[in-house]
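Protein chains in written order, with UniProt numbering: chain A, 1 to 312; chain B, 1 to 798.
Keep in mind the hints are simulated off the structure, nothing from the lab. Treat the hints with caution; some may be incorrect.
In silico contact screen, one side only, chain A against chain B (beta carbon under 7 Å); selected entries [what the hints assert, rightly or not]:
{"id": "1", "residue": "Phe53"}
{"id": "2", "residue": "Lys70"}
{"id": "3", "residue": "Met73"}
{"id": "4", "residue": "Arg77"}
{"id": "5", "residue": "Tyr81"}
{"id": "6", "residue": "Tyr89"}
{"id": "7", "residue": "Ser102"}
Below, in silico cross-link-like pairs of lysine-lysine (DSBU-like), each with a Cα-Cα straight-line distance of 35 Å or less [as the list claims (entries may be wrong)]:
{"id": "8", "chain 1": "B", "residue 1": "Lys509", "chain 2": "B", "residue 2": "Lys757"}
{"id": "9", "chain 1": "A", "residue 1": "Lys129", "chain 2": "B", "residue 2": "Lys467"}
{"id": "10", "chain 1": "B", "residue 1": "Lys14", "chain 2": "A", "residue 2": "Lys129"}
{"id": "11", "chain 1": "B", "residue 1": "Lys757", "chain 2": "B", "residue 2": "Lys778"}
{"id": "12", "chain 1": "B", "residue 1": "Lys750", "chain 2": "B", "residue 2": "Lys560"}
{"id": "13", "chain 1": "B", "residue 1": "Lys239", "chain 2": "A", "residue 2": "Lys133"}
{"id": "14", "chain 1": "B", "residue 1": "Lys789", "chain 2": "B", "residue 2": "Lys778"}
{"id": "15", "chain 1": "B", "residue 1": "Lys17", "chain 2": "A", "residue 2": "Lys129"}
{"id": "16", "chain 1": "B", "residue 1": "Lys14", "chain 2": "B", "residue 2": "Lys467"}
{"id": "17", "chain 1": "B", "residue 1": "Lys509", "chain 2": "B", "residue 2": "Lys750"}
{"id": "18", "chain 1": "A", "residue 1": "Lys218", "chain 2": "A", "residue 2": "Lys277"}
{"id": "19", "chain 1": "A", "residue 1": "Lys133", "chain 2": "B", "residue 2": "Lys17"}
{"id": "20", "chain 1": "B", "residue 1": "Lys693", "chain 2": "B", "residue 2": "Lys509"}
{"id": "21", "chain 1": "A", "residue 1": "Lys133", "chain 2": "B", "residue 2": "Lys14"}
{"id": "22", "chain 1": "B", "residue 1": "Lys239", "chain 2": "B", "residue 2": "Lys559"}
{"id": "23", "chain 1": "B", "residue 1": "Lys509", "chain 2": "B", "residue 2": "Lys467"}
{"id": "24", "chain 1": "A", "residue 1": "Lys133", "chain 2": "A", "residue 2": "Lys218"}
{"id": "25", "chain 1": "A", "residue 1": "Lys133", "chain 2": "B", "residue 2": "Lys467"}
{"id": "26", "chain 1": "B", "residue 1": "Lys693", "chain 2": "B", "residue 2": "Lys789"}
{"id": "27", "chain 1": "B", "residue 1": "Lys239", "chain 2": "B", "residue 2": "Lys14"}
{"id": "28", "chain 1": "B", "residue 1": "Lys144", "chain 2": "B", "residue 2": "Lys17"}
{"id": "29", "chain 1": "B", "residue 1": "Lys693", "chain 2": "A", "residue 2": "Lys129"}
{"id": "30", "chain 1": "A", "residue 1": "Lys70", "chain 2": "B", "residue 2": "Lys17"}
Just so it is clear, CB atoms sit at the ideal spot from N, CA and C, and this is done for glycine as well.
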Amino acid sequence: MSSVITLHNVSKRFGRTQALDDVNLEIPPGIVFALLGENGAGKTTMIRILTGFQTPDSGTATVLRHDCVKGGMEIRREIGYVSDAPALYDWMTADEIGWFTSAFYDEAFSNRYLELLAAFDIPSGTRIKSMSKGQRAKVALALATAHDPQLLILDEPTSGLDPMVRRQFLESMVDRAALGRTVLLSSHQISEVERVADWVGIMHQGQLKLVQPLDALKQSTRIVTATMDDASATIALPPGNVLTESRNGRQMRWIVQDMPDNWQTTYSCESGVEDLKSESATLEDIFVAVCDRRATRPVDHEETSRPEPQLF
Amino acid sequence: MSNPISVFRSLCWKDAKAVMPLVIMAGAGIVVFNLLVFVGSLVAGSPLRADGYIMIWVLMPNLVALGAPALLVGGEEESGTLAWLRTLPVRWQNIVDAKFAVSAVAVIATWLAASLAIALLVASGVVRLRGDYLELTMVLGISKLLFFSGLLLAVSFACAYTFRSPITALLALVPSITIIYLFAMNLGEYLLSYQFRRDILGRLESYSEPASTAMWIFVTGLAISLLVALWVTQRWLGKRRLTRPAGAMSLPASISQSIQEPYRPPMIASRERPSPIRALHWQQLRQARWPLAGLTTMGVIALLMIRWEEATNSINALTPLAGLALLVAAVGLGALVFYGDNLNHRRAFFGDRGISPNQVWWTRILSPLAAMLVLTMLAVVLLYDERGSRYLWVFLPIAFACGQVVSMWASRPVLGLFGAPVFGMLCAVPLSLFFDAYQDYAWTAILLVPVLLFATWWICRRWLEGKVDTGFHVRMIAISIAAVLLPMVCVLGHRIATTPALNNNWRAKAMAATAGIGNSKSTTVYSFRHTSGYGFQWGQESGVFDLEQNYDSLADLQKKIRDDMDDLYSSSITNDDIAMIFDPNKAGWEMSPAEHAELRYMTVELVLQRIQHVREAAIQYEADLDDLQARAEIPELSVVALLSNQPELFGDDESVAELVDMISPVELRRESRIAALLSEWRRYQPDYRRAMKVPTGFFAPRTFAGILLSDSRMLGVEGRRSDRYLDEFVRVAWNQLDNGLPMSGTAEFKHRTELWKQAHAPYYGYWWRASTLQGWTKNHEMDLQELRKRHTQVTTAD
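Throw the hints in and build the complete structure from the sequences for me.
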């Protein structure tokens, strides 16, 4: 099955800032892909490159088999796109903007749009400028999805929305994926991503640090806590890919990926470890482990933690 | 509690930052315009007329007075910062006063900069102020201008606080300022008038006596009071805007949209799905309809006013306002094109959906363009027959095109509204300097329009995608420069393309024919310059003096005439004397009809002798073409006309026949013309000028028959073109002298006249073009032939 989105060695620099650094990614159809990253990590730059608004300095990117540099217009016609600050003609009513936008899509747009308005509880005769922020966001989402696009790209869609609206928004994403459509969702709201995403990619300082199916990621990542008999004692790292380590008195804590089942054999009775336990990491733990600049990382971890391009 | 002074200072700093782009724009305009004027004056080699230039001086400060309130109130409303200000613990007085203070300082600073620029140019002689324009720089004129700026600033703030949309505020401003200014001016003039003193104050003083100092002080006080009243009004409106809940000044609740409208479950779409073009056109019309209607109405009213003023010849205080309103309407229509989509970056709606930029562009431009075309057609219909405003229509599409460029270019839509006139003037100044030289091509300025329309079409995709980056600005600047250059390139291209080829064979023949010119006494013949010349006719009004004032007696005059006949280089009898002799009101002394006829006979005899003498000198290359024309051809035309139409002025038929007999014979006339024409041509040639050390250089003009044709300041193409056309003109004229002169008004005659016209380089000869080679027509030859035939028959019959 061909990928909906591909990025190969894409880099982009703005002045002294490396917004994207050699990013590789392929996203298959029918999933909700969440792009996680702190502010300024490069998420919006990647989306702007994918939608043809920005040209990469190097590398290639395609969306729905269109080259993003040459086919930006075609891409934006085919996909649904909601930016972080969607532009709307706020002097129109919800009805009017739907009627107006239907001119650019197929016959089914109008009915689907009105169904979405009904589903979102949007009063159709109200001017957009008189609507709440959540209502505007729903109108924007309805407009972006009413033509049933193969790919929906959402850039921070729920920032500033109340929990009820966020929930509605996210459920609609899951519904779309269930219909075989692809959703690329950029966010730093980890809890909402955790609820809907099939795959996650974590961006940090322009680099795609990690790309995995969410379930697999969570299963393969553990938090290991070791309590030692002496606060000054040293201890070996657990086996696997150690993302971070932290020390609090006699207690050491690691976040480890791909740890073997027999990891406890590393620590014998003479190792000074009084207590040893492992628990599943949350997505937030993993995100912080990857992105926290203040976290202590074992030597050479930076070089070894970089994932290979994920091919499906 | 924060310190009120530091709060006010902070607000002023914020407002100064907001208004700075407008002030910088106005400052750049002042610098660029004045530089262009300076360069233009240098190229023209003379001071420029101030008519258009004075408008730049007045326009820039008033543009700031107009734009600063829109930026500080309308702009802040659009960006949402006005609402934010209301949430801060700041008194409304501080906000309103800071905005007014910053704007007032900006206007004053712009006035100072603009005045300094004009003072420098006037002092250096680059610009010469005349008439009404000079009065504007006097104390009274400056006071009036400052008063107008103050009114404009206060009324602009009042409108900006009253209306949330900057465009609506601008539309409301035009009638408001017109009414207030006219009221103030008329009231002031009436209070200072004689009628007021007579009818109201009951003073019976002289009409010409000026108003008293007390009255001037009173009127000045009244003007200041009006400004204060308007300042208080705008302050009050500012308070309403900043302290009342939003919507309090909007439409009545019954027709405004309710925020709390209950949820209505949507039904199946009842409206038919529109085509993209229809939908986009609907959207543009909806967002621009009221300003569109307002600006179109304003333009139509302005046109009707101009038509009425032209028709009734009643130029008054409204005249400049009507013209200004018309241009504002055209610029405003242009500025509307992308305004609605630029607000809050709404254009991203199209960009995000990959909607065709082509469709977006066409639907943006269509309705404002249609409105502008209506205005243009109306201008053609109403004003084409009015000499003063005949070509006003050309400016409307140009103003529109400039407006639409800036409406796309400006990052802040409100700034775009006021940047459009500056951009328009930046385009207009180099073009007006250029077309001052190429007046016949002025219509080609309209070529600017398609280029500027192309600019926005070309850049539309980047604009929709929000790529307003360096590349965007570079493209815009490049195409704007191209737009200004295109008419110039076309004009120069046409001049190059229509330059005749060098006719070497003919030139060699002409050079051979004038080989003897090098033996003549001087390079330029001035022998006859002090003698009288030019035409005269019976009954023509002559100078202010009478003959008695110039001569002691009739005998004295007659003696001087005889002396002149004896020495034909003498100039005792001037052209004025001859004119007075043929002016029944200036003839002087008591003379019998016979004495009068004899005096006229003697005068014409002197004139004919001089003509003959000049013609003979021309054959010897000692009289040039200018001498021949002024002192032989034109006087001969006068003599032939007098002898043909009023022979009774000269006594009996015998006297007339004697005079006719004295007219130069055909062969002498033909040869003198050929010699003068060819020798003039030879003297005009650069190699001859160099050989004879005729002054050359940057400011040395080249004259032919006393008329400036070109000089070395002109582009090479113009000098070459002038030379080639002169060759053609001389060739054709020579050919006509050999093969028969053309009748006046025939194709041959028109061809010769057109060649002469084309021989003039830009800047030169607009008043002289049609008046060369007077008398070199078959008509004159036939009149002469007829005269000779008639008087030979008379003599034979006797």
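Check: Taking each numbered hint in turn, which are not upheld by the structure, reported in ascending numerical order?
Finding: 2, 12, 22, 23, 26, 29 and 30
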